[in-house]
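Peer 1: In case you want the letters, here they are:
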Amino acid sequence: MNKSENPQLHSFLKLFSLFIFLFSAGFAAPSLHAQDWVRTGTNLGVQRIRLAAADFKPGTMDAQTTPLKTVFDQTFYTDLKNAGIFDMVSRSMAPPVMPGSPQEINLTQWSAAPSSAEMVAFGAIGVSGGRVNVQGYLFDTKNAQTPQVLGKQYSDNATEEAARQIAHRFADEIITRLGGVPGIAETKIYFVSNRSGNKQIWAMDYDGENEHQLTHVSGIALSPRVSPDNSRVAFSELGKYGWSIRMYSIELGRLVAFSSWTGTTITPAWTSDGSKLAFSSSHSGDPEIYTCDASGGSQHRVTAFRGPDSSPVWNPKTNSQIAWVSGRTSLPQIYIMDADGANITRMTDGGYATSPSWSPNGQFLAFAWNRHYGPGAPGGQDIYIMDIASKRWVQLTHEEGMNDFPSWSPDGRHIVFQREQNGHSELWSMLADGTQQQQLTHGGSNSMPNWSWK
Amino acid sequence: MQFTYRRSLTLAAGLAALLTVAGCHKKPAPPPPPPPTPAAAPAPTAAITATPDTINAGGSVVLTWHTSDATDVSIEGLGQVAANGTQTVNPANSTSYHLVARGDGGSADATANVTVNSAPVQNNIAESNIDEAAFEQSVKPVFYDYDSYDIRADAQTTIQADANFLNQHPDLKVVVGGYCDERGSTEYNLALGENRANAAKQALVSAGVSPDRLRTVSYGKEKQFCTDHSESCWQLNRRGQFTLDR
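As given, the protein sequences belong to chains A and B, one line each in that order.
Numbering of the first sequence is given in the numbering used here, commencing with residue 18 and proceeding in unit increments.
Numbering of the second sequence is given in the numbering used here, commencing with residue 127 and proceeding in unit increments.
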């Protein structure tokens with residue numbers, strides 16, 4: 018069941034095929050479990066497409082064209098680079114030209130060294146009458162007869178935000194066409210920030226831009242989980258009578274009704290169809306995992322074992338399994354069970370393991386793990402991913418702060434997580450092999466990221 | 127000796143009889159003058175009441191007293207007072223208010239007893255005076271081992287003392303807060319903090335405190351008592367803390 022594959026995600030599996038091979042090689046001998054520094058080398062054996070993104074040509078003489086073009090070019094290039102599936106032609110290697118239309122591009126100029134591009138994205142951006150208009154193209158430099166792969170037009174109000182969003186949309190078109198699964202440049206990340214004074218739920222674009230505060234609750238807000246349709250964010254809030262689950266409507270910009278127990282009722286998690294949530298509650302006196310419908314009703318208790326149980330997450334592929342954290346044997350470990358509580362399987366074999374996130378294809382768990390955890394013991398808290406079927410794991414972060422709360426991107430190629438260094442926490446993203454780590458937030462304390470479903 | 131006494135009585139009676147018969151015709155002797163007595167000097171009177179006669183510590187009592195034919199009226203502990211009056215007093219302990227009235231005709235006294243309950247029972251006047259600081263002086267936190275929510279052996283005396291205080295103040299309601307140190311994961315620590323709070327609650331219940339008076343809140347590692355990064359500090363943060371539920 019765990020190994021069921023979705024043809025749509027075939028390329029995702031291809032991405033991981035090499036490092037699954039390395040898992041197998043690395044853990045053929047149990048003694049190699051202590052090996053921290055497996056360099057998985059995702060895509061090392063897979064030729065990345067060499068892609069050039071030309072600076073777009075200014076389409077009009079309007080004074081707004083230049084500032085919006087600057088934002089567009091920067092965002093567009095970064096999106097393609099972040100995708101993790103391209104070997105990007107650096108700006109210094111690219112021909113110093115700005116072809117604005119198919120008539121203006123000389124493909125051999127781009128396919129020749131040093132740019133050596135297999136694909137080139139180009140076009141024009143111009144502002145007129147308060148609107149920004151973009152024409153974007155993707156050409157295959159090896160196909161002289163019919164080089165055009167994509168041709169797109171976009172128009173919106175002439176704002177920096179619109180220019181950024183158009184860049185995301187065009188980049189996602191290219192990533193989807195060349196990468197096989199939808200790009201993530203238009204996705205959002207929900208998180209906790211204390212920048213307004215107390216911990217509230219915030220949102221930002223996947224690249225850290227456009228940060229904005231969503232909730233203005235009086236207590237402490239934690240554990241945001243966006244619904245699969247991007248319409249609502251479930252989170253937990255500490256009020257006078259303890260923790261309860263609250264529901265924020267992104268569309269309405271305010272809290273909406275959700276019936277929740279109090280006590281310690283925390284860590285909501287949506288099914289991928291948005292019809293149910295799992296959560297942890299002390300309703301019975303001991304923290305246990307429950308499920309409920311999308312409005313908080315029809316609660317069903319799933320676990321029954323003394324000790325802390327928290328942080329459930331559904332298998333998004335089937336919605337028939339739940340992974341969660343349990344302290345039933347002392348230090349917290351990651352477990353998996355059927356959604357009715359049957360077939361409990363312990364996944365981690367020791368240490369301090371928390372914060373599971375289930376990969377979109379259902380095959381992997383990302384989680385935080387401190388394998389040497391204990392009072393005074395050395396060792397860090399790092400992000401790992403585990404192949405569920407084999408329980409083989411690989412470490413993604415090394416010797417950089419305390420890492421926690423990984424959350425998969427919808428394309429399964431990226432992970433956002435929190436990293437605590439020098440006493441404060443920031444959000445970082447990386448490819449799912451641990452490379453291309455980049456800091457997304459700066460300032461305040463930012464934690465518990467949750468990547469949107471689309 | 128009694129025999130001797132009887133004989134003399136018999137003798138005296140015989141002599142008296144002889145004298146009476148012999149002196150029948152004599153003029154009777156004049157009566158002796160009455161002893162000299164002071165004119166118009168009746169004995170003083172005194173009465174005192176205390177309302178109410180039973181209070182809790184910190185409460186007050188109204189004393190009311192009446193005297194007559196007294197020139198010197200005093201209440202022990204209060205000194206000289208008017209012949210009639212009222213006074214409000216705040217005895218800290220059970221007290222007998224002893225009223226003494228002295229006059230030319232002698233003296234009189236009266237007593238009013240006031241009982242003070244040092245531990246107020248079934249009266250929340252005093253409990254409303256217990257503030258957070260006073261409460262936490264009396265109801266101490268319990269501390270936990272790393273990643274554990276078991277009540278340690280060294281916490282049992284604390285729990286017993288806490289329960290005694292709460293049993294003496296049955297109208298107080300209590301929030302049992304569960305806290306964790308800064309290490310570990312935020313969400314798991316909320317669940318662990320709930321287990322800690324619940325363990326402390328159950329320990330109090332076992333010591334006789336009604337569960338209806340206790341509710342748990344987990345603070346996980348969201349609120350810290352100590353912010354250093356050391357085991358001594360972490361120990362202070364791994365606690366079950368009791369606060370007034372208002």
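Don't take each hint at face value.
What the hints assert, rightly or not - Capping the alpha-carbon separation at 20 Å, the derived lysine to aspartate or glutamate pairs in EDC-like fashion look like this:
| hint | chain 1 | residue 1 | chain 2 | residue 2 |
| --- | --- | --- | --- | --- |
| 1 | A | LYS257 | B | ASP338 |
| 2 | A | LYS471 | A | ASP303 |
| 3 | A | LYS257 | B | ASP257 |
| 4 | A | LYS334 | A | GLU228 |
| 5 | A | LYS257 | B | ASP198 |
| 6 | A | LYS257 | B | ASP354 |
| 7 | B | LYS349 | A | ASP246 |
| 8 | B | LYS347 | A | ASP303 |
| 9 | A | LYS257 | B | ASP371 |
What the hints assert, rightly or not - Reference listing, derived: stretches of chain A covered by chain B, where coverage requires no fewer than 3 residues with Cβ under 8 Å from a Cβ of chain B:
| hint | stretch |
| --- | --- |
| 10 | 80 to 94 |
| 11 | 131 to 142 |
| 12 | 176 to 190 |
| 13 | 336 to 350 |
| 14 | 369 to 381 |
Treat the hints as calculated values from the structure; they're not laboratory data.
In this text, a Cβ means the ideal position worked out from N, Cα and C, and glycines have one as well.
Peer 1: Hint by hint, say whether it matches the structure.
Peer 2: Hints versus structure:
no. : hint                : verdict
1   : A:LYS257 / B:ASP338 : holds (17 Å)
2   : A:LYS471 / A:ASP303 : violated (35 Å)
3   : A:LYS257 / B:ASP257 : holds (19 Å)
4   : A:LYS334 / A:GLU228 : violated (30 Å)
5   : A:LYS257 / B:ASP198 : violated (63 Å)
6   : A:LYS257 / B:ASP354 : violated (28 Å)
7   : B:LYS349 / A:ASP246 : violated (34 Å)
8   : B:LYS347 / A:ASP303 : holds (18 Å)
9   : A:LYS257 / B:ASP371 : holds (10 Å)
10  : 80 to 94            : violated (count 0)
11  : 131 to 142          : violated (count 0)
12  : 176 to 190          : violated (count 0)
13  : 336 to 350          : holds (count 5)
14  : 369 to 381          : holds (count 3)
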